[in-house]
Structures are given as C-alpha cells and as structure tokens.
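Protein chains in written order, with numbering that gives the first Met the number 0: chain A, 0 to 216; chain B, 0 to 102.
Simulated from the structure, these hints should not be mistaken for lab results.
No experiment lies behind these values; they were computed from the predicted model shown.
Treat each hint with caution, since some may be false.
In silico lysine-lysine, DSSO-like type, Cα no more than 30 Å apart, as pairs [to be verified]:
1. Lys37(B) <-> Lys27(A)
2. Lys41(B) <-> Lys48(A)
3. Lys134(A) <-> Lys110(A)
4. Lys94(B) <-> Lys59(A)
5. Lys37(B) <-> Lys94(B)
6. Lys32(A) <-> Lys162(A)
7. Lys142(A) <-> Lys106(A)
8. Lys94(B) <-> Lys134(A)
9. Lys162(A) <-> Lys89(B)
10. Lys16(A) <-> Lys162(A)
11. Lys202(A) <-> Lys37(B)
12. Lys85(A) <-> Lys89(B)
13. Lys32(A) <-> Lys106(A)
14. Lys106(A) <-> Lys89(B)
15. Lys134(A) <-> Lys48(A)
16. Lys142(A) <-> Lys2(B)
17. Lys85(A) <-> Lys94(B)
18. Lys183(A) <-> Lys18(A)
19. Lys162(A) <-> Lys48(A)
20. Lys32(A) <-> Lys94(B)
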Amino acid sequence: MSVLSVNPNRMELTNLKRKLVTALRGHKLLKDKRDELMRQFLELVRENKALRLEVESAIKQANNSMALARSVMQNEVLDVALRLPKQQLHLEIETRNVMSVLIPVFKPEFKTADSGDVYSYGYAFTPFDLDSAIKALSDILPKLLRLAEVEKSCQLMAAEIEKTRRRVNALEHVLIPQYQETIKYITMKLEENERGNITRLMKVKDMMLAQAHQYGR
Amino acid sequence: MYKIAVMGDRDSIYCFAALGLDIFPVEDPNLAVETIRKVASKDYAVILITEALAARIPEEIDRYSERITPAVVLIPGVVGNTGMGLRNVKRAVEKAVGSDILN
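Construct all of the structure, not just a fragment, from the sequences and the given hints.
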C-alpha cells in the first residue's frame, strides 16, 4: 500500500512508532465515543419520533377545532379575543454536555402561576371550539418544548456522530495502515543495510586474509 | 430570558398567541427568510414553523440545524402537511447511522 516518503533511518522509525501508538489510542477512544454517542442518539431519536407523532396529532386536533371556531366567528371577534394574551412564556436555556456535544435544555417559565391560565377572553362571545383548540395546544405545550429540545439534540448529535465516524474511518483505513506499512518498509530497509554491511565486512576480511597470507599466489 | 416564535400562515398559528408565544404570520417565502433571520438573531430559543412554509425555505431551515439555538421545529399547519417533520427525523437517523433503522 502507500508508504510515506520518509528517509529510512532509525530516527524516523522511532518517530513513526510513537505516532502509531498515538494513532491507535486515538482510534480506540474515538471508536468508544462513536459507540456511546450512537447509543444515546438512538434512545433520543426514538423519543423524538414518539413525541413528534403525539405533538402533531394534538396540533392537528387543535387546528380542526380552530377551523370550526373560525367558521362561526368573524375575523374581528377572533382578533379581539386573541389579541392580548394573558400568558407569557419565557425559556431558560441550560446546556448539557453529552460526549462533548453541547445540547440545550429548555426550562419554561410562565408569567402567571397557573400555566393553564391561557384564555385571554370572556367566554360569552366565543364558541367553545376556540376553547378546546387553545386547551389542546396548552396541554401539549410541555411536550412541544421537550420535542424542540430532543429534536435539536438529535440534529446536533447526528452531525457529531457523522464527524466522529469519519475520523474513526480515516484513522482505521488510512493513517494506521500507512504508518504500519512505513514502519515495515524502514525496518526492512535497515535490515537490508545491516546484511549488506555484514557481507561487505566478510568480503573485506577475506581480501585482507588473502593479502596477509599470500593465498592464491 | 429566551422566547418562542411561531411562524406560518395566520390561521395555523393564531392559537399559539394565546399561550404566550410570539407569532409572526408570513406566507411569502422571501419574507419568511427575512423574518426567520431577524427572529434567529434575537432572543428566540425555539422557532415553530409550519411544514407548509418550511417546505418552501428548506436551505434556510438547514442553516440552523448545527447551532444550539434556535431550535427550529416543524409543526403541522391547517393545510399543506407533508410529513416533513417526521422525514427530518429520519434524515437525522440516516446521517448518523447510515440507513433508516427506525422502521
């Protein structure tokens, strides 16, 4: 395979061996990271899917009620009913570190003590479909927030998993084999040099002996 | 203190106003891109957007997928539901695992 273009000497060999050890350790660590990320990701993504199905059906139901409400209400009346919301929702964001991926945690804070206190209108002039639409949405809101959190986490983790997987593969299939090949190449080259040296010495010895004892004359 | 924004056609998102979320009724894609940029640069942690609108500005939605905030979440609207939200979940799985293993 591919051998790095280096001078085949002992210093390079030592350096390469050190690099190989580092690469192997990095590979193992990254592989562990990938596996753990994957485990957590799969848990999250299952939750994500379940939550999404639930939230979507609740919102659809709310939309249906809303459509019914709109059919008997004038736009202006609806506007008046919803214009000034009683409730105000704020979020606090904390970040959680999962295998060096920062994921957000949302903490909702409602303006009024009762989070279900959402009807910003008197009941006299509005149809009950509007109430049920708003009730449905208000009930699903905590899950909606959880969905936002989980979906964001999934996206971030998917990106991180992809990155980690690439790194693992690059180490496993490119860098480590390259180091190993090069180490092998240098070792062989050094051994070859050694053998060449021995042969040369033997030859020189023979020649010197021949000269000293006047063999072959 | 972060807030939550809701974007989409007026009928689909009007209810959310009652819950104390900020609504931004837009239907035009160009205007939507402008709005989402404006919203994302402010203190909004979560942007709920209807599938129908999101389907028309997919690149813009993707821009936020690798940042911590804002979290862009697709919700079904009154019309034009395509199951895009679920498809995005599948896409994340495919990105991470290599194939969709949820089914």
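Lys41(B) and Lys48(A): Cα distance at most 30 Å?
-> 29 Å, holds
Quickly compare the C-alpha distance for Lys142(A) and Lys2(B) to 30 Å and report which way the hint goes.
-> With Cα atoms ~16 Å apart, Lys142(A) and Lys2(B) stay inside 30 Å; holds.
Is Lys162(A) close enough to Lys48(A), meaning Cα to Cα at most 30 Å?
-> 23 Å, holds
Is Lys106(A) within 30 Å of Lys89(B), Cα to Cα?
-> Cα-Cα ~27 Å, so holds.
Quick one, are Lys162(A) and Lys89(B) close enough, alpha carbons at most 30 Å?
-> Given that 30 Å is the threshold and the Cα spacing comes to 18 Å, the pair holds.
Taking only the CA atoms, is the gap from Lys94(B) to Lys59(A) under or equal to 30 Å?
-> OK: Lys94(B) and Lys59(A) at ~29 Å, within 30 Å.
Proposed proximity, Lys106(A) with Lys32(A) (alpha carbon, max 30 Å) | Holds, at roughly 28 Å.
Take a quick look at whether Lys32(A) and Lys162(A) sit within 30 Å of each other, Cα to Cα.
-> 11 Å, holds
Is Lys202(A) within 30 Å of Lys37(B), Cα to Cα?
-> With a Cα-Cα distance of about 85 Å, the restraint between Lys202(A) and Lys37(B) is violated, given a limit of 30 Å.
Taking 30 Å as the top limit, are the C-alpha atoms of Lys183(A) and Lys18(A) close enough?
-> 14 Å, holds
Given the hint that Lys32(A) pairs with Lys94(B), does the C-alpha gap stay at or below 30 Å?
-> It holds: about 17 Å lies between the C-alpha atoms, which stays within 30 Å.
Given the proposed pairing of Lys134(A) with Lys110(A), does the C-alpha separation stay at or below 30 Å?
-> Status holds; Cα separation ~17 Å.
Of the numbered hints listed earlier, those contradicted by the structure are 1, 8, 11, 12, 17.
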